[in-house]
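Q: Residues per chain, in single letters:
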Amino acid sequence: DTAVSQTPKYLVTQMGNDKSIKCEQNLGHDTMYWYKQDSKKFLKIMFSYNNKELIINETVPNRFSPKSPDKAHLNLHINSLELGDSAVYFCASSLLVGGNEQFFGPGTRLTVL
Amino acid sequence: AQSVTQLGSHVSVSEGALVLLRCNYSSSVPPYLFWYVQYPNQGLQLLLKYTTGATLVKGINGFEAEFKKSETSFHLTKPSAHMSDAAEYFCAVSGGNAGNMLTFGGGTRLMVKP
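In order, the protein sequence lines correspond to chains A and B. Per my numbering, the first sequence starts with residue 1, numbered consecutively. Per my numbering, the second sequence starts with residue 1, numbered consecutively.
Careful, some of the hints might be misleading.
As the list claims (entries may be wrong) - The calculated label-pair distances, taken between Cβ atoms and stated as ranges, are: (1) V29(B) to T2(A): 29 to 37 Å; (2) K67(A) to E66(B): 23 to 31 Å; (3) N57(A) to T77(B): 42 to 50 Å; (4) E58(A) to T55(B): 16 to 24 Å; (5) T5(B) to V60(A): 20 to 28 Å.
In case anyone wonders, no lab produced these hints; they're calculated from the structure. Given the structure is predicted, the values throughout are model-derived calculations rather than measurements. We treat Cβ as the ideally placed atom computed from N, Cα and C, and that holds for glycine.
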């Protein structure tokens, strides 16, 4: 059974389009995250979200918006895609308590042309 | 604010040799420390973590790391490298005001020569 799954695995689109990436976890975790990995493999947190609170990283443009229909899902919607948005996006989940392992999805490779 | 520095973006060792990947962190509060491994075109997998207690932490695949508060380090070691260890390794820290969000180092690519 896949613990954290993401769809699609690959996403190729034109500049200016709007796209969404879906994430689901079946671990019963209460916190989910989105990370961005750039072409140099650098990983950076974008959002942390649980039932009660969305924590937004201040460096993330407001074109990016997480949406959580329920505790097991955290989708990432991106408006007006730009070339610089090309990256691999990872979803992760964990229990909220500090120090707990985060389980990562397989990633979505987004290419903006 | 927290930060993580991994010395050496690329490390090359021979099969059977010692693996040492360096990680230093800065944190204003006692941190939680992690090492993750990323194989090509895959997500991240936890190797080991330090939260409290014993400062020498053993993980999967024969890896271990030692938390040294005085040196603000959490270096990753493995006595004998295997070809299958070739991957990207990330050190990460969480805790304090950042909650459970991870701050990652820049990553170290480990290459293993036959």
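Q: Now look at each hint and say whether the structure bears it out.
A: Right, here's what the structure says about each hint:
1. V29(B) to T2(A): 29 to 37 Å: 34 Å, holds
2. K67(A) to E66(B): 23 to 31 Å: 41 Å, violated
3. N57(A) to T77(B): 42 to 50 Å: 32 Å, violated
4. E58(A) to T55(B): 16 to 24 Å: 34 Å, violated
5. T5(B) to V60(A): 20 to 28 Å: 23 Å, holds
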